[in-house]
Structures are given as C-alpha cells and as structure tokens.
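Q: Chains as they are written, first to last, in my numbering: chain A, 1 to 208; chain B, 1001 to 1095; chain C, 2001 to 2210; chain D, 3001 to 3551.
These are calculated hints, taken from the structure and not from any lab test.
Zero decoy hints are in this set.
Simulated coverage check for chain B against chain A, where a stretch passes if three residues somewhere in it have a Cβ under 8 angstroms from a Cβ of chain A:
no. : stretch
1   : 1007 to 1016
2   : 1023 to 1029
3   : 1044 to 1058
4   : 1074 to 1081
The structure displayed is predicted, hence computed values, not measured ones.
Heads up, the beta-carbon is just placed ideally off N, CA and C, and yes, glycines get one too.
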Amino acid sequence: MNQIAETLASEHIHRDEVGAKIGMWLFLFTELILFGGMFLAYAVYRFSYRDYFALASKELDVFIGLINTLILLTSSLTMAMSITALRRGNKKLSLIFLSSTIIFALLFLVNKYFEWSAKFNHGLFPGSNDLLSLPRGEIIYFGLYYVMTGLHAVHVIIGMIILLFMLFYIKSNKVNQDYYIMLENSGLYWHLVDIIWIFLFPLFYLIH
Amino acid sequence: MEHKNNHIVGYGTYIFVWLTLVTLTALTVTVASFDLGGFSIVVALIIASVKALLVMLIFMHLKFDDKIFRIFVAVAFLTLMIFIVLTFSDYSFIR
Amino acid sequence: MILNASNFVKEVDGVFLFILGISLFLLVLITVLMVVFVIKFNRKRNPRSKNIKGNMALEIIWTVIPTLLVVGMFYYGWYGYKKMTAAPKDSFEINVTGRMWVWEFTYPNGRKTDTLVVPINKPIKLNLNSLDVNHSFFIPAFRIKKDVIPNKNNYLWFISNEVGVYDIACAEYCGLRHSYMYSKLYSLHQNEFEKWYGSVSDTVSLKTGK
Amino acid sequence: MTTLNVPINEGNGNHLDYLHSPKKYKGILNWILSTDHKKIGILYLISMLTFFSVGVFFGFLMRLELISPGKTIMEPQTYNQIFTLHGVIMIFLFIIPGLPAVFGNFFLPIMIGAKDVAFPRLNLFSWWLFITGGLVALISLFLPGGPADTGWTFYIPYSVRTSTNVIPALIGAFILGFSSILTGLNFITTIHRLRAPGMSWFKMPLFVWSLYATGWVQILATPIVGITLLLVAIERWFGVGIFDPSLGGDPILYQHLFWIYSHPAVYIMILPAMGVISEIIPVYARRTIFGYKFIAFSSLAIALFGSLVWAHHMFTVGMSDTAMWIFSLLTFLVAIPSAIKVFNWVSTLYKGSILLEPAMLFALSFIFNFTIGGFTGLMQGALALNIHIHDTSFIVAHFHYVMFGGTGFGIFAALHHWFPKMFGKMYNKKVAKLSWLFLFIGFQLLYFPLFIAGYLGMPRRYYDYLPEFHIWHFISTIGSWILITGLIIMFTNLIIALRKGAKAPANPWGGVTLEWSIQSPPTHENFEVIPVIENEPYDYSHFEEKEEIKN
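The shape of chain A in the complex, shown without the other chains (with noise of 0.2 angstroms):
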C-alpha cells in the first residue's frame, strides 16, 4: 500500500490500476441509476397504461431493434476481444478489433437515426399535432421511447469519442501490453452502454 501512495504522488509513473477499475466501475453505478431512475419511470407507466403500450409498440420495427441487438453484442464481443488482443501483446489485433467495435457503433447509430427518422415522417416526435391526438398512454409511451433511446445513443457516442481516444492512445503506445487499464476502463464503460441496451429492447419493442 506503502508503495502505491507514493508512486501516486509522484504523478509520472502508472497509478494504481485497481484503483483506477474501482473508479470506474463507482461511475458505471451512477450512470447503471440514472437509467434505473427512467427504468422505475417505465415501470411505474407500463403498470398504470398496458394496454396502451402494447398498442403503441406496434409502431416500433422489431426487425430493426434486433439488428441493432446484434450489432450491439457484437460491438462487446469485439471490445473484449480487443482488451486480450493488447494483454498478449498483439497490437496489431488489439486495433483491429477495437475499429470494428467502433465501426459497429456507427452501424447503430445509423441504424437508429433511420428508425427515429421514419417516426418523424409518420409525424411521431415530441410535440407534434399527431402524437398529441394520441391516447394519454401512448403519448407516455413514445416520450419514454425518445428520452431513453436517444440517452442511450448519447452514451453510444459518448463511447464512440472515447474508443477513439482509445484508438490513437494504443497506436502511440500510451497504452500497452503493460498499462492497459483505460482500455480496460473504457471497454466497461462499452459493455454498460450494451447491457441499457439488453434491457431496452425487450422492454420497447416486445410487448403485447
């Protein structure tokens, strides 16, 4: 313990890495309840309005929710992927993965903005005259839809920047076999962004 205080201090050298895994799984708590906030929303919702969120769900594409399902998990897999690719020393690999994971966050959000746009020509979106003629329900039903995947994509891009950060950092070899915790850190981080996802799907686009 001695030791890591003071290699701490003297700021140059590698910090404590556990340290550095409990930061981040602290945060990854705070961002796991402010989804948990809009989850109890949803539930709180669903058990007051079910009948009008099943009705409203038919408006969303399943076909769509599950590529973007499978682009997700796929996106993990590559991460992980990624992380033991650098442990073993093989840069080269760790790079190549961590670009598909990143290539696939863009296929998501591509994805995505297909899905809200078509919404928005069958004028659904916030506001509008259409969805305000909408049962009360349904109404709360589409806000919930908006607010949480377009947070949830807010994270995928946030996670976006930061592989890419991750990206420049391994090919200057800031990161590296040796000191791999920000890989390491920024692949929890992604791993979180797909499990909101494992339970967005189910919970938007398959209700009866």
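Given chain A, work out where chains B, C and D should sit, using these hints.
A: Okay, now just chains B, C and D, sitting in the frame of chain A:
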C-alpha cells in the same frame, strides 16, 4: 485485496459467450411472439437479466476480478431494486 | 384556537403531546447531562481524563429503549391515521375543485359556492380535484390536510363538532397568489344548514357561526 | 496553548507549506489549476462561503418581508423567486458541498495518511463542475423572466407551467449533482486504496467513516435526481410527455423520483457533520471516544435507512396505505442510529478533561439543535400528526434545526477546529466565542417560533399571512438579525486572523489524529515519511503518559 488480474480471457470463451447471447436474443424475440399474458414481461426480463449477467461476468471480467467488485455491483443493483420495490409499495396497492 | 373542532383533533393532538412529552424529557436529560459534564469535568477541575472506550450494556440499553419508543410512536401515529382514511358510507359528499388561486365547492344538488358550508355532527366527505397545478386542502383547526393533484382522485373526510367559522388554506405552493388562497368553512346546526342548503339565493346569513 | 504532545512528523527540518510550495503557475492559475487536494479544499471553501453569503442575503430579505403582514419590501413574485433561490443555493451550493468537498478534501487524505486523493485531476474537475453548475443556476437572475419561482423542489406540474427560467436551475442542479458524485467516487476509492500502512478500517477516524457512508449515498442516490431534473428540462424544452398530467404524466411519480434522491441528500448533508462532531468532542474532552464502533456503524446504518424513507415527504399526496405505514415505520427506524450517536457523544464528555474552546461550543450546540431537529422529525414521522403539520412552517423550522442548527453549526465547528491547521494562523478565541453566542441565540429566536406558528396552522412558502401569526414572524425576523450579526462577527474574526493572526503551532488543541502530527499548514506532500499506524484513532492513554512525564 491485492490485485491478481493475471487472468487473460481467451477468444474462445468470448465467442462462446457471444453465441449464447445471440441465442438468448433469438429466444426472447421468439417468446415475445406468443401471448403469455402477464408472464411475457417476466420472461423477457429474466432473459435480459441472464444476458446482462453474462456480459458482466465474462465481458466485464467480474468473474475473474477481486471479490470486492462483485460486492460493489451487488450493492448497486440491490439499491436500484429497493428503490423500485418501495415505489411500487405505493403503486401496487393504490385504490 | 377551538379545541375539539373536529373528530380528529383529539387524536392528532394526542400523538403530538405523546411525542412531545418523550422528546422534552430526553432533550432535558441530554442537555442537563452535557452541561453537568462540561462543568464537572472541566479541565481546571479535572485535569486528567479517564479513557472509557465504551460500555456494551449501555449501548444495548440506548438502542433498545429508543427502538421501543419509536415503534410506539409509529403505532400511535398509524392508528390515528387509519381513522382519517376510512370515510363512513353515509358521508355527505361535496366536490372540491382547486385552481389558481380559488377553491370551488359543488354540492350534490348542483349548488356551487366559494366557501364551504357544512352541518355539524355529520360525516362530510370532500372529493378533491385540481384543474391546474398541485394544491393542498388544509383546515388547520380540524387537523386535516390532503393534496389536490390533477388527474388524481383524492378525498378527505371529517365531522365538525362545533358551530363556528374556520380557515381553509392552500398548503402546497401553487404560484403567485398561493398565500391568498384562503377560504372559509362555516359549520352550522343541522337545521340551519338545511335552511341554507334548500334556499336558492347565496345571501343567506352566515353570521350564525360566531 | 497546549504543548505539543504527539511526535511531529516534520521530517528533517522546515519544509515549505502547501501555500508556498513551488508552483507551476502564477497568481490565480496556481489555485484554479492545482490538483493538490488541500488547495481544492480551500477553493471549495471560498466558493461555498461566497454562495452562502448570497443565500443568507436572500434569507434576510425573506425574513424582512415577513416581519409584518401585507407587503413590506417586495412583490409576491419576487418573494417566490427569492425563496426558490435561497433553497437552491443553500442546498446545492452550500450544505451538500459544505463538509465533504471542503473539509473532506482537505483532511480525508491526511487523516488516513495519504498524500492526495485517488484521482487528483478528477478532484479539480469536480470543483470546475461545481462552479459551472453554480453559475448556470444563478444565470437566470439576469435573464428576462427572472429566476425560477417553483421552490427548490421543482414540483410538477407547476415547474412546466411557470413562465420563469426553470431550465437553468434544473441544468445547474444536474451539473452540481455530478460534481457531488465525482467527489464521493473519489473519496470511496481513496479510502479503499490509499490508507497508510496499519490504518485498518477500525483505526480510521470517524470523520472518514462518515465520508465513506456519505460517498455511497452520493453515488447511488444522486443520479436519480440528475435524471429526474433532466427529464423535467427536456419536458419543458421539447414538450415530451413524461410527468405533465395534461400529457398523461403522473405528478406523484415525479415526487417519488425527486425524493428518492433528495431525502438521502439530507443525510449527505448531516452525516459528515456528525463525523466532525465525533472528531471534535474527543479532542476537547481529551479522552477517547465512547463507543467507536457503534458510531462508525451507525453512519452506515443512517446511510442505508436514510435511503429508504423518501416518501415521508409525500404523506399527504394520497399514497396507498401500505406505502404509508412502510415509509412511516422506516422513518422512525432512522432515529435509532442517530440516537446512538447522540448518546455516545454525551458519554464521551463523561470523565473527560473538557476545555470549552470555540469549536467545542459549536459542537455541543450542534448536539442540542440536532436533538430538537431530530425529535421534531419524529413528530413528522407519525402519520396522524404529519397530516396536520405537513407543508407548514413547522417543517421549515425542523429542516433548519437539522440543516442549519445541525450541519451549519457543524461547518462552523469544523472551521474553528481546523482553521489553524489549514492556514497556519490562530484566531481570536474570545471573539469567536462571542460570535457563537450571537449565532446560538439568534438561531433559536429565528426558528423556534416557526414551530409554534406551524402547529397553529401557518403554511409554508407564504408571502403573506393572517394577523394571528404576526407575533411569531416578528420574533423570527428579530432572530435573523441577531444571527446575521453573529455571522458577521465570526467571519470578520477569521478574516482578520488570516491577515494578522499569530502563527499556529502544529497541534494547538491537543488532537491525536494524523492531521495534528504534521506541521501547520501542511506541506505539499502532507507527510515527509508515510506514517505507520499502530494506535486507535482517539488513543489518549499515550497522551497522558507524556503529560505525566512533563509534570
């Protein structure tokens, strides 16, 4: 709680987990096409929880990390569960 | 202050005095102990301290006794509250609508007023509704209050015990004129009430109260 | 002044203190870009006290308006905006960061024998977030339409209807929430990873325990209010249906989500203050603390139970009976760990060798005020009684007894206790005691009458009131003047001490926790040699021997 993170998870394990996740996704979509009434949400949530657990244990290395991380994660999820359960002590029993 | 103005006053004041009594006793005990210790074990008088790390028996005592006390308080409060929720079936029902910043009362016969007139010794049930933001229907002298929330059907009930005029306030912040959202409650004898209720004009004398 | 009684860990001779150590930047940049936990603590202190004075000023104006019925100095709209600002500033910008971010930052690493927190740069970032959030919240003062008039609770649907600038306050609070989360995250990691050799969990000072418990509440509760306020902002901005009842939303759900955080938040405010009291009493009673483990565990118990009682703010909204009794019972259970703490503190005075220094006076009055605040809290936990006193000035009085009489006095106690260590200067103790007298008397006069008025039926957040409440409001306003006089005396005294105070020794009060073993003010690195801990945190047996030898 010294760090012994020498365990490097192999590609094979990851691919196996990924295949399981894809299978579970297919399962949840299939199940959703049947009308199970009130049970459909329960089944959907159970499958989603299993998927999330797999991601956390393998992809996020919880299985191989120090015990303290598993305790932390348990505390966080428990807190969220309690928030939800206590809120529903109002909604489930409202007249 | 009119004591016993409604059927809930005794319960609420009872809980209050019960908790107040225990609290005062413990507050005095703690304060006196602090003052006595500070004087008696002053550095001048007592230059050498004694290191006492703890005492298991004491810890158990002051965990168990407060636990019993608070469970007692909980039960007393819950018992009193239970009565407030159960409006008798034969209650006289009046609809109350709150909006920025007035109360409106609608009687079963369609009569609308801006003050509440009720007979004494008869259970009255108020169905609360809001047209805009949250309000809270509060009759201090009766010790009752309930929030008035859009899209939510709340109610409260009471029996007025004494003839009189009481204040009705809004207790949930509702904007500019929140502090002026007062109205009056007139408790009348049954026959006086019948007379008022039956009359078409609103100008019936309400001075019978006080 | 007490002689030094603990070996001073000064290494080999005099070292430059953190205020004068070699700098990377000059002038103000040396401060606002510094990652030194001590400098960040001072930054927080300065910014927090600035916000505090603004909050006090608004409070003063409100009390002045209420000195007599009818209009005194301002219009109702202004009054509504001022009480909202008073709440937002005092809660988010003063009490929440008051102890953890200021004294926690400064002393937590020192108390566990570390050179800094786990993430120094993140720590600086939290301060920047704090300033940004504060400015965003206050910017509405200068926008057309003026600041929000919703009260600090932003209740739906009023907060989506009002034409004032609610969004800046919401976004400000959101940012401040993240500042608070990052501080908590930093502290938990620090406590887990950076304890000096031998500093086992049960050798940690109790202030550290309380910060640990607080940290968990900060991490696990704050995000809920963050997302809730963000949702309200989004609802106002884009008209998305979330809470607004006219779009099918549920205003009660908003209140649940709001209080899921905002009730635990009061424990974020009070727990560190309890930690401070646990530090101060042993020092001035010069003996070990009574029931160390009970105090430590009661902090965790308060954090746990405190997170489960939020709906007692909602007993009049028409919840289900099940929810009513569950939340009432849980509320009463929180009282038990709090009572354990109070009894242990009082017992620590027994057979001590007590010196009534200013910090001790503040600490003892903390116990008195907090006890009153706690008992009136019990009254509100009782369902039947809650119905009557809910949303009256009884609540206002209770809240201020806990938050100002408790945490506020705790902050003043900490300030007087640690001032010599932080700045290396001594203040005038007589003047400090005088300021305490003013604050204590002013405080009681200011808030006690509100209990009475509240029970008699005076609702809260009222611009105007019935004549029968005049006398209570009048006394209260007089009290506010005495209180503010006390504040002015106290801060003037401390500012004079900064400029002209005598040099403070390393251990002016005779403390035995680690911060008193290093020089005042500490060096940049805190410890020249990382200490090895053998004794329990408040072990004064060692101390007595020393004195004996000297005599």
